[in-house]
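Protein chains: 2
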Amino acid sequence: MEYWSYPPKYDPGYMPEPSSRYWFPVRETMAAGERDTAIAERLRAVMAHAYAKAPFYRRKWDEAGVHPDHVRSLDDFERVPVVTKAELLESQTRAGPFGDYLCIPESDVHHIHGTSGTTGRPTMFAIGGGDWQAIANNHARVMWAMGIRPGDVVFIASIFSLYMGSWGTLLGAERLGAKCFPFGAGAQGMSARAVMWMNIVKPTAFYSTPSYALHLAEVAVEEGLDPRDFGLKVMFFSGEPGASIPSIRRRIEETYGARVVDCGSMAEVTPWMNLAGTYETEGMLVWQDMVYTEVCDPKTYRRVPYGSQGTPVYTNLERTSQPMIRLVSGDLTHWVDGPGPCGRTYPRLPQGIYGRIDDMFTVRGENIYPSAIDSVLNDLSGYGGEHRIVITRDGAMDELLVRMDAQAGIYEAGADAVTRLRARAEGDLLRVLGVRARVEVVEADVIPRTDFKARRVIDDRDLFRSLSQKMDGADGHG
Amino acid sequence: MEYWSYPPKYDPGYMPEPSSRYWFPVRETMAAGERDTAIAERLRAVMAHAYAKAPFYRRKWDEAGVHPDHVRSLDDFERVPVVTKAELLESQTRAGPFGDYLCIPESDVHHIHGTSGTTGRPTMFAIGGGDWQAIANNHARVMWAMGIRPGDVVFIASIFSLYMGSWGTLLGAERLGAKCFPFGAGAQGMSARAVMWMNIVKPTAFYSTPSYALHLAEVAVEEGLDPRDFGLKVMFFSGEPGASIPSIRRRIEETYGARVVDCGSMAEVTPWMNLAGTYETEGMLVWQDMVYTEVCDPKTYRRVPYGSQGTPVYTNLERTSQPMIRLVSGDLTHWVDGPGPCGRTYPRLPQGIYGRIDDMFTVRGENIYPSAIDSVLNDLSGYGGEHRIVITRDGAMDELLVRMDAQAGIYEAGADAVTRLRARAEGDLLRVLGVRARVEVVEADVIPRTDFKARRVIDDRDLFRSLSQKMDGADGHG
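The listed protein sequences correspond, in order, to chains A and B.
Under the numbering used here, think of the first position of the first sequence as 30, with each following residue one higher.
Under the numbering used here, think of the first position of the second sequence as 30, with each following residue one higher.
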């Protein structure tokens, strides 16, 4: 049954033929205009639900003079005020624990997860049982498009705790009828055990952050194993931009001999696989029938034309518990019109999500994204796989220092080899960034690895701090 | 619907009235003799399934001259040869990855988990989708008996990885309609965040190991929080004997102001909540209609009479994927006849599982279980909450050293207070163990805490090593 309505109610027994490229052929390949009409209808239904159940939305929309009935088209919808993460936190602080945007009775909450809360009070995700099933169905659809089929072994190597990445992947894999191996990550010694288990079980699909996959490959080699022997067919990633950066993608594909697929938007809008590539399509598709995504000008929050850069603004079309309606991401991407090589008629993000507005830093007037530096280094032969970016101010001048490690063998080859690697890195960075970076090469494995998301930028300028605050402020506009 | 058959097929919509003490009143309170007749019938059905599907069982039973059809009574069943963990590992090494005791098609495997594998090749648990549902139903029944109801918030503070404890608890909580907060454990900094979250969310039910619950209480105090303010109603534990040891139980109940319930058998026999106390019944009930448990003489593997000590031997009555049929646990308990105060007519384990055959050590001819030392110290005012047991041989004499930490304040009170604490500890240990132990008192928090299972015994005698090997060998008998 190819179901599409709101609230969603999927047939738990539905399963396409393994030979089918699509889980839902009609929804995935329909003409974009026809889909837009259906989306406008769903938007009205989601808004009506939220307006009836959530003081948070009712108050916000009443103040802005918008009403669910007013939304007859996607253009009308652009007049609905956006929601920021700060507003969600404020709502939970005031009307806790789940905030006054919870649209189901508190007793119907099925799972509680949340943000990490490392920098203050966390935000809680309260997900209803019906939503839990809908998330499973949506993720199964996307993982099907990645080429995963019933009977595949899906190895999940990210922590099972607050982080929605692991849980969302598990849900999709369960619904799809795969063999789920929720190994997790985060505790001492787990990396060595992960590669031991992969070598025994031979999983066909793998999920983690791109950083951790590269680290696990290093651990495998230390343990005397070749990651290609794990027999992986597809590896999919979220949590970091890496899997849509061609040089990183290539590095992972060559190391493991598997296809790499990028996915992931925000935990708040789970099903977060609403942005996801497929086995045939690189970058990401915007699965508009799960979560309606507008790539917007970060000042006006109106959609930018296809071919332009902006920040994604998300609206859940299949959530009833805490539906996000025009949630501002603060991420950066550029979108183009569909269809992709796989035949799905969704818009595409050819470079995925390549950064956040507040990730960007400016050095001597040039805007630089950490992902650009990551990309350059991963294209450089001799790069050991990890680096740090340090920005300082030396008098009036910003200094950009990139500390990178060298592949094993470079140091043994002598000082000349190290000097040559540094010179090549500096040349490549200058060409791509348009600004001179000083490179410092260190020995292999000196820079710590991560089993989660990499944090590589260290900014030591006062200037950056104030810039960063200004950006946070921009994030708060309605 | 109160269902009982094999293979199990539960109604996913079934839910008792919140006021009902029992999930399945008939199955839980039927006359023991009537239940035994039904169990014998199930045993034949499970054995017939395993005989048809698993070369492992067919070979084993053919060699022993037993056949499913021969089993007409529980007495007949005692002639079925036992299975050891070593045999499971051997089967997986030979006929991997899931061994030739897998009784469903490999493509029907839904979840993969396993033993930790810290001491060699791990054993894999391959659980089918139908079994996953049956486990959920069984655990929901038991958690219902613990007093957990739909809408309760269940906070799970143990690692989500191979360990079946966390997953089994989550499954039961989901099926019961509770709000599930699978927080996990194991990564750096998670203990402090766990208490922060509990303070915000105010969960009503909590699951971890007893050791970790006591550690979390210490962390809460360090963070300026009172564990009683979390508002917990019931705390249930597995993985260690603690929750059935009166002094530890009392310590946890007083620290948190919540009821403590003990549960848990072995990961291999999941639904491992087949041994579990209830809100009204201390120790554990033996939920014979989920997993048929025989407390056996560890040499003959015949049942010992009620009132005696032995080792549990488990047989799954509701698993189809890897049903365990007479699996030897190596654990120690003593059982008595039912019913318990809650009216359930199952046999009971008043002291829970209090050790393992190979946990026991002998000092100067006395058999000592680590849990006895744990119990004595937890009854001692001034005990800081953690200890180590060190056994050495000084010439011809075994030396038993107990290194314990003192409560904060004891050291500040002066050397006399420390000396008095040591003397009291030595006196209490001598009285209970029948052998003199030397006690060394150290300052509060000097001995490392665990977020999983405590490992407290350090044995430095050659003698113990050979004894330990002999015990492992005994475990391998058929």
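It is possible that part of the hints are untrue.
Since the list can't tell identical chains apart, any single copy or any two copies may satisfy a pair.
[Said to hold, decoys possible] Distance condition first, Cα-Cα at most 25 Å in a straight line; then the derived SDA-like pairs of lysine to any residue:
{"#": "1", "residue 1": "K262", "residue 2": "V419"}
{"#": "2", "residue 1": "K482", "residue 2": "E63"}
{"#": "3", "residue 1": "K114", "residue 2": "M225"}
{"#": "4", "residue 1": "K482", "residue 2": "M225"}
{"#": "5", "residue 1": "K482", "residue 2": "G218"}
{"#": "6", "residue 1": "K114", "residue 2": "R288"}
{"#": "7", "residue 1": "K38", "residue 2": "E70"}
{"#": "8", "residue 1": "K231", "residue 2": "T66"}
Worth flagging that the hints you see were computed from the coordinates, not collected in a lab.
inquiry  = Are any of the numbered hints broken by this structure? If so, which, sorted upward?
reply    = 1, 2, 6, 8
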